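K.L.:
One letter stands for each residue in the lines below.
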Amino acid sequence: MTTIQVAGLHVRHRKTVALDSLDVDFGRGVHGLLGPNGAGKTSLIRVLATVAAPTGGRVRMLGEDLADPRARTEVRRRLGYLPQEFGYYPGFTVREFVAYMAWLKEMPAAATPAAVERAVERVGLADRIDARIRTLSGGMVRRVGIAQAIVNDPAVLLLDEPTAGLDPEQRVEFRELLRELGAGATVLVSTHLVEDVAAACTEVTLIADGRLAYRGTPDALSALGAAADGVGDHPIERGYTAALRAHREVAVR
Amino acid sequence: MTGWHAPESLIARYADGSLPDSDAWSLEKHLESCAACAGRVSGAVRATAAGTVLAQVRGAVLDAAPPVRAKTPVRAKTPVRTKTPAPPVRAKTPVRAKAPLRTPRLLWAAAPAVRGAWLPAVLLVALGAVLLAHVADFSGARPLLLAVAPVVPVAGVALSYGRHADPLHELAASTPSAGLRLVLTRTVLVLAVSLPLLTLAGVVLPASDAPGAAAWLLPGLTLTLAALALGGWLGLRAATAVTGGGWLCAVLAPALAAPDGAVSRQLSDQLSTYVGGAATQGGWAVAAAACAALLAARRTTYDRLERH
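Heads up: the sequence lines are chains G and W, in that order.
By this note's numbering, the letter at position 138 of the first sequence is numbered 138, and the numbering carries on one by one without gaps.
By this note's numbering, the letter at position 60 of the second sequence is numbered 1060, and the numbering carries on one by one without gaps.
Keep in mind that the hints were calculated from the coordinates and are not lab data.
Predicted model only: the values in this text are computed from it and were never measured.
There could be a bad hint or two in this list.
To be verified - Just a sample of chain W residues kept apart from chain G, beta carbon distances all over 10 Å, derived:
(1) D1016
(2) A1055
(3) A1117
(4) L1168
(5) A1172
(6) T1175
(7) S1177
(8) V1263
(9) A1288
Unchecked claim - Stretches of chain G that chain W covers, calculated by requiring three or more beta carbons in the stretch to come under 8 Å of a beta carbon on chain W:
(10) 44-51
(11) 183-189
Quick reminder that beta carbons are idealized off the backbone N, C-alpha and C, glycines included.
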C-alpha cells in the first residue's frame, strides 16, 4: 500500500537545485534513503515532514495533498520526524521534552504520560527518563530525538541520519526497533551506514544529484554490486557505488 | 544472613531508587557485613547518574587532601565509602520520578520568551522603574514606564516563535500545533506575565501628571495584536519591529525634541495625548478589535510553509 506519493518534486535553494523532478512512492516498511552528501536526501525529508515547501511538484501523504493546509494538519498528527540536527531545551528532562512534543502533536492528554514512557523505553532510555537532556551524551540525545519522533505511533516516520552518534551496540538495538516500527508504518531512514540498510531496510532508494538513481531491495543492490564490479568493503557498498556510477553515466549521456 | 546474597534485581532497584525504604534498609544492614554484595551495589550505583557525581566528588576530595592520598588505609576503605553516599541518591531519585507531568507547567517552561532573555528584561523594566522613582527619586519614572511598557509584550511575541527564536522550531514546524496555535499559546503566556507585572510596577510609582498605571494595557494589547496580524505578511520579527518601533518613535521622538529639562513633562503630555482619557482608550479598544478581526481573517497566512 502506497502511503507517500511524490510526483515531479522540485526543490531549489536559491540557485542550487536540491531535487530535480523526483518521482518516487513509498509504502509500509523501512526504506533506506542513500546518496552522497548534497544529493537531496535532507531536502526530500524536510518536504515530507511538512517543514519546507517544494518549489514544484506534488506530494500526497496518507491520502492527503500536502499543499492543502487543512489536510497537512491532519497528516502532521500521524507524522514522526527526526531532523539531522535537532534543537532541544537542555534544561528539560527526557520525560518533559517528549511530553512537550506529544502536546505539540495534539495527542490526548490522558494518553500522553503512558505514551511518553513507552517511547522512552523503546529507545532504551527508561533509566534516564528523569535526567536533564543537558546531562546526556550525544548518542543518548539522538535517542531522545527518536523517542519524540515515535511518541505518537506515527504512520509515517522520517528519520534523518538517526544512527549518527550511536555506538555499535545501540545501532544494533536501533535496527531492531526500526524493523518493529516498519511492520506497521512507513519509515524513511536517511543514512550513510550501509550496515543499517543491510540489516533493517526492506527497500533502498538511492538519490543522486536530486534525482532517483536506484530503487530496489538491499539484496538486489548487493547483487548489482557483485555483477557490476562496484567498489567497497561490503556487498551493499559495492552495490551503492555501482548504482551511483551507472546513474552518472546515464546523466552524462 | 550468612550464605544469602542480594539478587541482581534487588541491587538494580536499590541503585535506581525504586526499592521501598524497608527493603533498602535491610539490604543496607546486610551490606555492613557482606563485602561481596557491597562491592556489587557500589558498582551498580556507580553505573547510574549518581556515579558520575560520586566520582567527581571523590576526585575533588582527593585533590583537596594531597597528604592523605599517599596513605594506603584510605584506599582500602574505598568500597565502604562508595556505599555510604548511596542513601542521599535514593532519597533524591524517587522525588524526581514522581514529579507529575503537568501540561501548563510544561507549556510555561517551553515558551522561548520565558526561557530566554525576555523574562529578565521584563523584570528589569518593572524593577528599574520602581528603583528609579523611589531610590533615585526620578520623577519621570512613570511616564517612562508607560512609554516602554507597550513594547514589552510585542518584544515577547517576537522572541516566541520562529527559527530565530526557538531551538525547537524545526521539530515544532512538523507538528499540527505549528503556526497560529503555537503563536497564540505563547502570546497568551507573554501577556500573562507582562500585563500584571508592569501594571503593578506602575501602581507603586508615585503619582504624576502622566496617565494612570493601567492606561498602557489597551495600547499594549493592540500593538501585540497588530504585530500578530502583520506577522502573516511580514513575518513575526519584522512585524514586531514595525509595531514596537513605531510606538517608541511616536512617543519618544517628540519628547526627545523638547528643550532641556522638559523631557519628562513633554513625555507625560505625549502619553496623555496617546493613551489618556476615555475617548483615546476607546479608540485603542476599537483598534484592538480590528486587529483581532484581521488576524482571524488572515489566520491561514501562518500555515504557509518555509521557502527554501
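K.L.:
Are the hints correct? Go through all of them and say.
P.N.:
Results for each hint:
{"no.": "1", "hint": "D1016", "result": "violated (6 Å)"}
{"no.": "2", "hint": "A1055", "result": "holds (14 Å)"}
{"no.": "3", "hint": "A1117", "result": "holds (15 Å)"}
{"no.": "4", "hint": "L1168", "result": "violated (5 Å)"}
{"no.": "5", "hint": "A1172", "result": "violated (6 Å)"}
{"no.": "6", "hint": "T1175", "result": "violated (4 Å)"}
{"no.": "7", "hint": "S1177", "result": "violated (4 Å)"}
{"no.": "8", "hint": "V1263", "result": "holds (42 Å)"}
{"no.": "9", "hint": "A1288", "result": "holds (26 Å)"}
{"no.": "10", "hint": "44-51", "result": "holds (count 3)"}
{"no.": "11", "hint": "183-189", "result": "violated (count 0)"}
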